[in-house]
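In order, the protein sequences belong to chains Z and W. Residue numbering for the first sequence follows my numbering, starting at 10 and increasing by one per position. Residue numbering for the second sequence follows my numbering, starting at 10 and increasing by one per position.
No wet-lab data here; the hints were simulated from the structure. Treat the hints with care, since some could be wrong.
Only pairs whose alpha carbons sit at most 20 angstroms apart, straight line, appear in this in silico EDC-like list of lysine to aspartate or glutamate [claimed, not checked]:
id: 1; chain 1: W; residue 1: Lys166; chain 2: W; residue 2: Glu204
id: 2; chain 1: W; residue 1: Lys166; chain 2: Z; residue 2: Asp73
id: 3; chain 1: Z; residue 1: Lys195; chain 2: Z; residue 2: Glu253
id: 4; chain 1: Z; residue 1: Lys195; chain 2: Z; residue 2: Asp73
id: 5; chain 1: Z; residue 1: Lys294; chain 2: Z; residue 2: Glu263
id: 6; chain 1: Z; residue 1: Lys166; chain 2: W; residue 2: Asp53
Some chain W residues flagged as far from chain Z (calculated, every beta-carbon gap over 12 angstroms) [to be verified]:
id: 7; residue: Met68
id: 8; residue: Asp181
id: 9; residue: Asn197
id: 10; residue: Val234
id: 11; residue: Leu296
Virtual Cβ for every residue (Gly too), placed ideally from N, Cα, C.
Protein chains: 2
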Amino acid sequence: MLVENFRPGVMDRLGLGPDVLRADNPRLIYCAISGFGQDGPLADRPAHDQIVQGLSGVMSVTGDATSAPLRVGYPMADTVGGLTAAMMICAALNAPERGAVIDVSMLDSVLATMGWVVSNHLIGGVAPQTNGNETPTSAPSGTLQCADGPINIAANKDDQWEALARHLGRADLLADPAFATREDRKANRLRLRAELETVLTTRPAEEWARALNPLGVPAGAVMTVPEILAHPQVAGRDFIAWFEDVPGVGRGIEVVRVGAMVDGRRPSVAAPPPELGQDGDAILKALGYDADDIAQMRKEGVT
Amino acid sequence: MLVENFRPGVMDRLGLGPDVLRADNPRLIYCAISGFGQDGPLADRPAHDQIVQGLSGVMSVTGDATSAPLRVGYPMADTVGGLTAAMMICAALNAPERGAVIDVSMLDSVLATMGWVVSNHLIGGVAPQTNGNETPTSAPSGTLQCADGPINIAANKDDQWEALARHLGRADLLADPAFATREDRKANRLRLRAELETVLTTRPAEEWARALNPLGVPAGAVMTVPEILAHPQVAGRDFIAWFEDVPGVGRGIEVVRVGAMVDGRRPSVAAPPPELGQDGDAILKALGYDADDIAQMRKEGVT
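One chain only, chain Z, in its complex shape (with noise of 0.2 angstroms):
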């Protein structure tokens, strides 16, 4: 198996393309993971994650109208083009016979993952909007404030509104016409959020959270990377692996594994991430070489 990451055109100028390493082993899974694609008006485009956000249309919905477009704080671009290429790999894999050339698009991998805003526009004639942190279809959906910090509560259904007011203690807005139905109150969202974060903001969001699923009220409180991470729901589910003493750190070091388990295992990682080229004398020296080759390759720049 070979994954790349190369402008397209760069393996076959170096010699290594997919139709010269495929006649020499026909069994080859060629995987290239590229900004746009081997082919197609941008593929020679240098490709960074937030150029592929920007071209992908996830900008233009992230954000409400007067901060969007935004991108997303983390390189989705990249690591959906990876889980994308992961995917498609164990795919060939089940017909390892055949081999397989596959070519991951980074665009075409992030707008596969963008459901409702492509299917609403392609299916329905619906155009993408920014809607900040509110549920459009319903209310009260979105992020409220709270004494400590935001919200977010899901109260999509009618029986879901009912529980969450009468737990809020505020009954009354059940009698009020402007919350009657779901259209009254989406009709009315701003002034339902605000009748609600006057209670909300008299307790910390969690625990607000912790009261209000039981009732059937989706609630999660908005958490940062560090507090998640440290939950027990994350640290006791072994999803962060611990590598002692790492060469090129000189210590331990943590990193995430895969978001699922496999008959109660988490699938584990092999290695903690290498130093630039650690295991090249090694693959050299079964690949034949001897020392004095090695030492005349890397002379020569070869390695």
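Since the structure of chain Z is already known, use the hints to place chain W on it.
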């Protein structure tokens, strides 16, 4: 293969949990997709996409100092969870005699795609920050204003910065000590942005992108979803499938395919989304039930 998306415990209550089904068929690949995984303190909470976005830290790093926390404007936790499930199922199919019980957590799946936001914290002890549309490690690198809207530019290296300044007719900036080194440009990024935008705002973003990329300066317009779906890079690479006369819709519809090509072809989508229960009768007949049985089951509310 079985894929389910209930809250933990529901399939057991229905008598269809993995232990029961695998006792009957040890080769079964059983894949459960839930918000937080099958156990742990949050397992019983209902999960909506936005709630997972909030808990995972995604919202905490999206936006800038005034607009964060913001959700990503499409259901990324739903779809990254689904993509992780697809990868794990493809992997499990490589050992079909073994079967597998796969427990996908949307929360873990999202955390696994957060790249340096997570690793900077875990390995470097660096707390994640909100950076809006700026790339904090470089300048000029971020979203800048053109005549018709914004453009992403990633002039991260010295030679890219020089090519950009020269192409914009602002070689004078190269002589300004405020912009001499990458550290200088980072320290003065707001002033640098203003200088560059005096020129960038004279032409549309796509025109700049078309000129800058061949000079080695990564650049791309910020597009809307309809714009990119109609772009020849996407439409010309067979990313969108067309189905005629779809049941329940009464007309043709378009759906997106997977974000990769295999051996020069886009893996096809076999069928459009079905209507609810569309295949129920055919499946029951294949299991040996006749029309009377099915009518009786329907009467009893079993199907």
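The hints, checked one at a time:
As the CA atoms of Lys166/W and Glu204/W are separated by approximately 19 angstroms, the hinted pair is consistent with the 20 angstroms bound. With a CA separation close to 32 angstroms, the supplied pair Lys166/W and Asp73/Z exceeds the 20 angstroms bound. Proposed proximity of Lys195/Z and Glu253/Z is contradicted: the alpha carbons are some 53 angstroms apart, above 20 angstroms. As the CA atoms of Lys195/Z and Asp73/Z are separated by approximately 17 angstroms, the hinted pair is consistent with the 20 angstroms bound.
Taking the CA atoms of Lys294/Z and Glu263/Z, the gap is about 31 angstroms. The hint is violated against a cut of 20 angstroms. A distance of roughly 19 angstroms separates the Cα atoms of Lys166/Z and Asp53/W; the hinted pair therefore holds under the 20 angstroms criterion. Not every beta carbon of chain Z lies more than 12 angstroms from that of Met68/W, the smallest distance being close to 5 angstroms; the non-interface claim is violated. For Asp181/W, the requirement that its beta carbon stay farther than 12 angstroms from each beta carbon of chain Z is met, with the minimum near 26 angstroms.
Against chain Z, the non-interface label of Asn197/W holds: every CB pair exceeds 12 angstroms, the least being about 20 angstroms. Residue-level check failed: Val234/W sits 4 angstroms from the nearest beta carbon of chain Z, not beyond 12 angstroms. No beta-carbon of chain Z is positioned within 12 angstroms of the beta-carbon of Leu296/W; the least distance is around 27 angstroms.
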